[in-house]
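Engineer: Let the hints inform the model, and build the full structure from the sequences given.
As you go down the protein sequences, you meet chains A and B in turn.
Using my numbering, read the first sequence as starting at 1 and increasing by one per residue.
Using my numbering, read the second sequence as starting at 1 and increasing by one per residue.
Mixed in with the good hints, there may be bad ones.
[Stated by the list, open to error] When the alpha-carbon atoms are kept at most 20 Å apart in a straight line, the in silico EDC-like pairs for lysine to aspartate or glutamate are as follows:
(1) B:K5 <-> B:D30
(2) B:K148 <-> B:D123
(3) B:K176 <-> B:E207
(4) B:K188 <-> B:D70
(5) B:K37 <-> A:D29
(6) A:K54 <-> A:D79
(7) A:K23 <-> B:D30
(8) B:K148 <-> B:D77
(9) B:K5 <-> A:E6
[Said to hold, decoys possible] Heads up, incomplete: computed chain A residues facing chain B, CB under 8 Å, no partners named:
(10) K3
(11) E6
(12) A10
(13) Y101
(14) G106
(15) N107
(16) F111
For the record, the hints were derived by calculation from the structure and aren't laboratory data.
Since we're looking at a predicted model, the values are computed, not measured.
Where is the CB? At the ideal position from N, CA and C, for every residue including glycine.
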Amino acid sequence: MMKTLEAMLAIIMIITTFLVAYKSVPTPDIATVNWRYYGFNALQTLDSNGTLAKYIIESNTTALNNSLASLIPAGISYDTTICSTDCSTPSIESNTITSIYYYSAGNATNFVAKKVILYLWS
Amino acid sequence: MVMNKGQMYLILATIIVTVLAILRISLNIDFILENNKQLQQNLDTLELSNIENGIRQSLVNNYNIPARSDNINSFIDFARSSELGRSNTLSGISIQSEYPTVIASSTATMNVTIYNFLGSQIDSMILTWSYDNSITTLTNLADNTTTKIILSFNTASNTNYVLITSYTSSNATAVKNVTIPVEIGASKFIGFYRMAFSTQQSTPISEFTNTANMNQTQYA
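Structural biologist: Now the structure itself:
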């Protein structure tokens, strides 16, 4: 009888410690922040060589998505929207999703005020 | 002394509890959270620099268009409205000055365009022009509006003037000195921009001057 009581006490000690020490530990959302970095850097790379402005002026999301393929790490899914005011949201089913905005004023021959919304998910 | 089985359980439990506590301390969640917050703040700064680049690019793209100041401001308004849609606030002020080709010892006029996007009305603004220490007072500049004034100067040689701008709104009181380089035979655009980008994580600030010589056929 005494042994059972001591065994129960030992189990309660362990469970209580686990709950108190670990239950309130917040889970930092590091993955999506890193995805946003990948996305921003990818768009910046395309911006620096002038291709992003071209895609934006043409509203060519297909070409933009193709160019991003080699810049976004494997395992991260993505899609883009090019818009100014009325921006459609792609239908994406995922619990872990984030997005990044990237603005462009076009190029020397075409002034446009538009943005790319890059959606990233797993 | 011989321990019974029950006492052994208790000693084992004490050891496990100690190990769990040590593991929890070594996890250093606070450090990870702080690091994550820092990453998000850096991302906010990058996003603001993207808007800054858009403003610089707007001047390049509107180089040969007389309404270049208005178009640059329309880009700012676009970015501002867009960020509002995701609960971020882009606020600030732009002071864009432009003068035509300067002829030595002839009076030249300079157009100054002030765009208030501070998020509140500028109750009063005082512009002091160092050329002649003249003072222009403006009042009640509503948010998201543009105000234009004309200043003049007359010089026989290259010089730098200063446009001292002090303003007061319900959100801010500030004094900004914008240097206006005057060059005989040159036409210049001098854009001063101050922006604050407020997100859930941080409020990075960008303040810069964008100067262009307007005598070429294209931006150089």
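Engineer: Each hint should be assessed against the structure and marked as holding or not.
Structural biologist: Evaluated hints:
no.: 1; hint: B:K5 <-> B:D30; verdict: violated, 40 Å
no.: 2; hint: B:K148 <-> B:D123; verdict: holds, 16 Å
no.: 3; hint: B:K176 <-> B:E207; verdict: holds, 10 Å
no.: 4; hint: B:K188 <-> B:D70; verdict: holds, 16 Å
no.: 5; hint: B:K37 <-> A:D29; verdict: holds, 10 Å
no.: 6; hint: A:K54 <-> A:D79; verdict: holds, 18 Å
no.: 7; hint: A:K23 <-> B:D30; verdict: holds, 15 Å
no.: 8; hint: B:K148 <-> B:D77; verdict: holds, 17 Å
no.: 9; hint: B:K5 <-> A:E6; verdict: holds, 9 Å
no.: 10; hint: K3; verdict: holds, 4 Å
no.: 11; hint: E6; verdict: holds, 3 Å
no.: 12; hint: A10; verdict: holds, 3 Å
no.: 13; hint: Y101; verdict: holds, 7 Å
no.: 14; hint: G106; verdict: holds, 6 Å
no.: 15; hint: N107; verdict: holds, 6 Å
no.: 16; hint: F111; verdict: holds, 4 Å
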